[in-house]
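The hints should help you fit chain L onto chain R, whose structure is shown.
Just so you know, the protein sequences line up as chains R and L, in that order. Here the first sequence stands for residues 21 to 120, where the numbers follow our numbering. Here the second sequence stands for residues 8 to 399, where the numbers follow our numbering.
Taking beta-carbon pairs under 8 Å as the criterion, some of the chain R residues facing chain L (in silico):
#	residue
1	Glu65
2	Leu66
3	Ala67
4	Phe69
5	Pro71
6	Cys91
7	Ile92
8	Arg93
9	Ser94
10	Val95
11	Thr96
12	Pro97
The set of hints was computed from the structure by calculation and includes no laboratory data. Beta carbons are placed, not taken as given, at the ideal position from N, Cα and C, and that holds for glycine.
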Amino acid sequence: MKSKVRKWAEQMAQDWLEAPADTLGAKSRLVVLAMNQAVIENFLELAAFSPEQVRILVRDGAISIVGQNLCIRSVTPEELLVEGEISQVRFSRDTESGWA
Amino acid sequence: MAFFRLSEWVKGYVEMEVRNDVDKNLLRTLATNGIRLWNARHKGSVYTFCLQLDDLHEALEQARTSHVKIRFSERRGLPFLIRHARKRKTFLVGGAMFVAVLYMLSSFVWRVEIVGADQTEVVEFALRKLNIYPGSWLYNVMAQDDVQLALLEALPQVSWVGVKIQGTSVFVNIIPRIAPAKRLELHPQNVVASVPGVVANILADSGQALVQQGEYVTPGAVLISGELDNGKKVYASGKVEAIVWYRTEVKLPLQRVDLQYTGRYVRHDYLVIGQLPVPVWGFSHPPYALSNANQVDEPLKLGDYKLPLQFRVDTVYEVKKVHVKLSVAQATARGMQFAVREVQRMTPDGTKVIRQNILQRKQVRGNLYVTVWSEALQNIGKPQEIPDAIQQ
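Here chain L stands alone, though its shape is the one from the complex:
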């Protein structure tokens, strides 16, 4: 029967045991005088009740006048706790020790967290010089902004540093400086032809052009020389475009089987739980001879949280086979397109096919064999180091 109220506990209260009071004079007088009391009950010949410490003085006065015997059976509340604690010195010392130890422990750096650094050790070393490391004395540490500036000065490879000292933790945020692109070292070189062709135009950025427009060149011929007239060797570069011929053989079927949608379809909806698809709607399975299924999964989300559920829409389209016949002219045009693509695959980017010719065309067992001759305008320049320069 804990009759507990906070204010009573804070102020403190006692339980009184009263003897030799058959008429309950003490209780009656106190209750009639408007004094707060509670839990009045009988225990054999005696009775007990609880009383606040503030009213104790009056109760004792009354007890003395009515000649009853009083015993305190319980003392509860904060005032008694404090008095109790005062008697125990070790308890107080323990409390003081706790505060002291907590204070002492909170004056060390406990944690250093470095975010964004490529090499954490470098930053750690720089921080160590500024007296920041796990276990360092927090009072030796400079102010946050000063640490930030000092760190930025100590680390040249860093473009920005953010330092936050939060209690016993130090958070360092680092944004590394992105190094500028390295310049290639330029050895003296020539530009030579990679394939045979007729030079269409030549544009030397540096070096001396040795060939002219309309000149036929063989692979390895020097187009732009890195050796100047005055004997100086330079890094020759430029663009040499030439007309180059290619011969491509293409095989094309004249009849082709295509699949075509008939326009009929069925839709099946599923709820995918984990890996298990549970059909929700659409249960018909029409007897399509040929079909093409399209499956779309939509993950279900609850806010930002992805549920382990997916909504799946499975659409089955009916398709039919269609025989497509190509005429020889159509097949040839297609063959020429193939040839262009083939030439572009073999040559550097930017190659243009200027002219095409059919050299040979024959039809064997439903296939058309075409030999295409293509004239391409392409860059034929290829860098080649000047051997003398390396020896020197």
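So that you can see chain R by itself, here it is in the shape it has in the complex:
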């Protein structure tokens, strides 16, 4: 119920106040820099970590960063920085593992 109200409020703010979507609530954001750095803000969980793949759960699903020699440069409660030779970024709307 609460999340429904929140969703409605966010929608209204976006439509009527033209507020940018990324400023509203706990929306996750993925920034890929020069194909060797990826920053994920507002992540929920680190699901898997190997040199070839880093899988991160976010609110709406999961983000998989695929590449070679991947490492996690830093983790803070707000963001996660992945570094390495990134070749693919995959998204999956697998809401059951996320927070709906």
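Okay, now just chain L, sitting in the frame of chain R:
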């Protein structure tokens, strides 16, 4: 890959090496629980990551529950450095020694600088008595103002002393007292005539005037006597003015060549670099038969700093020869002026030429020869010691 941040270094951090953790359970749990960690990477079958010392407790708890093996591959930061230093006693002793030696060395006077003294040794000696010399114990030294007063008392030939004790250096600024002018020792003396003349007026400051106005005196004649009537001998002084005659012979050319500016000139500007003048403006060189150059150098400055550059303005003026003819009367007047100057050169300051006469005038090969007779009013007095006074 130094992932270095100051706060992390101060708090201390460890690099963990995790074995037997195929699913990366430990890393995933810690990351999901919002614990700061960094530099997570794989090394073959194991993986490593860095963690702050504050979060180590929680990490160890998690490791125990998930049955993974942990090894600390690196320990970095201030807490480890301190623990390390504690183990090495000599290191601590060295640190303490350093502080002690520094403290000890800073309790000596290292430098005494004396400015403005004519004789530095005198001031140094006075300072030594006040326990101030290079190598003296700083705690024996009085307060700055007391040193100043004591030094002023110890040195009578000094009018002001400024003492500044700055750390281990003592700066002494001295302004020497300027001695009053020494009084000349006065031997009894007479005032005698130096040249022959007729006394015009006589004014005795001390002593007794022996001549009167209008009296003719020869060189060596006593004008003001230092021997008084009562037998006392004094230092006679005064002013005796007399009329003295001089004869001057002057040779004057009646024709003279002067150089006169025609009004035409050219200006050359140069930039002088070191010694080398580089022309900047004005390149014409008109064919002046005779010229007179005027050179003005202006040093270039940048603030107070003098650059090795000069701006030179070279002005070349055209001049021409002009023949000037003097009349006999003009030449004579000039000759009389020469005579005045000649008389003033030979006599003491303040001599006035009262009267002049032309004794002879002749013209030979364009030159005028004039003999001038000048009457001068001059001081003829000259001091002469009374010989008896020295013998007594």
